[in-house]
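> All chains, full assembly: derive it from the sequences and hints.
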Amino acid sequence: MAELHNSCHPAFNSVRDLLQQKIADGGEAGASLCINIDGKNVVDLWGGYADVSSSKPWEKDTITGIWSSTKILTILAAHILVDRGLLDVNEPVAKYWPEFAANGKEDVKVSHILSHTSGVVAFDGGITIEEMQDEQKAAQRLAEQAPWFTPGSQSAYQYTNYGLLVGTIVHRITGKSLAQFISEEITTPLGADFQLGVSEKDEARTADTIPFPPDAIPSAEGLDPTTSILLRSLIGSLMDASTPNKPIFRKSQNGAMGGFSNARALASVGSIVALDGTVNDRQYLTSHTIDEMLKEQIRSADPNIMANSRFALGLSLPATDGVLPYIPEEDGICFWGGFGGSAVVMDRRRRMTISYIMNKMEFRVVGNSRFDIYFPEIYKAFEKYNKI
Numbered sequence: 001m002a003e004l005h006n007s008c009h010p011a012f013n014s015v016r017d018l019l020q021q022k023i024a025d026g027g028e029a030g031a032s033l034c035i036n037i038d039g040k041n042v043v044d045l046w047g048g049y050a051d052v053s054s055s056k057p058w059e060k061d062t063i064t065g066i067w068s069s070t071k072i073l074t075i076l077a078a079h080i081l082v083d084r085g086l087l088d089v090n091e092p093v094a095k096y097w098p099e100f101a102a103n104g105k106e107d108v109k110v111s112h113i114l115s116h117t118s119g120v121v122a123f124d125g126g127i128t129i130e131e132m133q134d135e136q137k138a139a140q141r142l143a144e145q146a147p148w149f150t151p152g153s154q155s156a157y158q159y160t161n162y163g164l165l166v167g168t169i170v171h172r173i174t175g176k177s178l179a180q181f182i183s184e185e186i187t188t189p190l191g192a193d194f195q196l197g198v199s200e201k202d203e204a205r206t207a208d209t210i211p212f213p214p215d216a217i218p219s220a221e222g223l224d225p226t227t228s229i230l231l232r233s234l235i236g237s238l239m240d241a242s243t244p245n246k247p248i249f250r251k252s253q254n255g256a257m258g259g260f261s262n263a264r265a266l267a268s269v270g271s272i273v274a275l276d277g278t279v280n281d282r283q284y285l286t287s288h289t290i291d292e293m294l295k296e297q298i299r300s301a302d303p304n305i306m307a308n309s310r311f312a313l314g315l316s317l318p319a320t321d322g323v324l325p326y327i328p329e330e331d332g333i334c335f336w337g338g339f340g341g342s343a344v345v346m347d348r349r350r351r352m353t354i355s356y357i358m359n360k361m362e363f364r365v366v367g368n369s370r371f372d373i374y375f376p377e378i379y380k381a382f383e384k385y386n387k388i
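Sequential numbering of the sequence shown, starting at 1, is according to full-length UniProt numbering.
Treat the hints loosely; a few may be bogus.
Each computed DSS-like pair below joins lysine-lysine, with the alpha-carbon atoms no more than 27 Å apart [as the list claims (entries may be wrong)]:
#: 1; residue 1: Lys40; residue 2: Lys60
#: 2; residue 1: Lys384; residue 2: Lys40
#: 3; residue 1: Lys95; residue 2: Lys109
#: 4; residue 1: Lys95; residue 2: Lys384
#: 5; residue 1: Lys137; residue 2: Lys251
#: 6; residue 1: Lys201; residue 2: Lys176
#: 7; residue 1: Lys201; residue 2: Lys56
#: 8; residue 1: Lys109; residue 2: Lys137
#: 9; residue 1: Lys109; residue 2: Lys176
#: 10; residue 1: Lys60; residue 2: Lys95
#: 11; residue 1: Lys251; residue 2: Lys56
#: 12; residue 1: Lys246; residue 2: Lys176
#: 13; residue 1: Lys251; residue 2: Lys201
#: 14; residue 1: Lys95; residue 2: Lys201
#: 15; residue 1: Lys56; residue 2: Lys95
#: 16; residue 1: Lys40; residue 2: Lys251
#: 17; residue 1: Lys60; residue 2: Lys176
#: 18; residue 1: Lys56; residue 2: Lys295
#: 19; residue 1: Lys251; residue 2: Lys176
#: 20; residue 1: Lys387; residue 2: Lys40
#: 21; residue 1: Lys246; residue 2: Lys137
#: 22; residue 1: Lys60; residue 2: Lys251
#: 23; residue 1: Lys109; residue 2: Lys295
#: 24; residue 1: Lys60; residue 2: Lys201
#: 25; residue 1: Lys137; residue 2: Lys176
FYI, nobody ran anything at the bench for these hints, they're computed from the structure.
Below you can see the structure in the form of structure tokens.
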């Protein structure tokens, strides 16, 4: 029988019980859930199975593919450069990456890239894992193509090229790869168990991704591959749900969707935002930089999210008509997550980060039906915790 291991403040026992129920009834395969308040993990849960056959337990140090929850670290990397005065989001991307000005992109700003309004939504034509691994050639392809719409005019979520776009800017400024910069400036100082790709020594503790059934994928019938942003994006992105299980992908360092981690680590990362930039006496960002980072850039229908979007400079802001509509539409709350289910919510007013990582996917861009149940209970439990 699947077990749930836990360290849980009594105020959050109801949350623990929900996760235990979902693991027991098979709704979850394996999962981890962590809630950090004021720099302390008041909830740290993990359990279930790390494989499809339900024979390998999900352990305390299990990691798994987190898809676009990876973007949270890529976003923070960019804003660390902003904080240091090395990157200006209001400048054209071409200031840092001159080749990017080609084919009508001379006015695309860094802010457009960060907020998914650049028009450089995906690769023209298809892209393979092998082609994406050659970052120099892949970046050249993006630099040469034309935007799909007027930059800044709408949101179209950049599924799997976001890490290459932001990562190239980071590399041009610092001379370091995105993976190296994230490791040196974020995860190593935090002691956060996160990596782009999977090192050979960590393969044994990496959980399988369990894809959603093929019949969960909506039909593309009626979509024109020459005009539909959604269809063009799916063709020009790495969207096969089994991608994180592929050895070749685990050897790559995709800053859009190639992270492997667990909830405990991402709660630590998210605390950079929730705790106004300072974690364990180390300042990663100033409060002012976070204020600017969380200013709304666009609120519009987004064909790739298949809902309305409300993007700040990278992270999403809550919207009652958007994805995860139950997140309170309050100042100081932001979030993002990954294809199939993972989610990280950062709440500055409550100084709380909620991180949920799992391996059983649903066809959702962010979050899943289980997180839909956990999240409201977490906020109810927080009120109890706050009164103790």
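> Which of the listed hints are not met by the structure?
4, 10, 14, 15, 16, 17, 18
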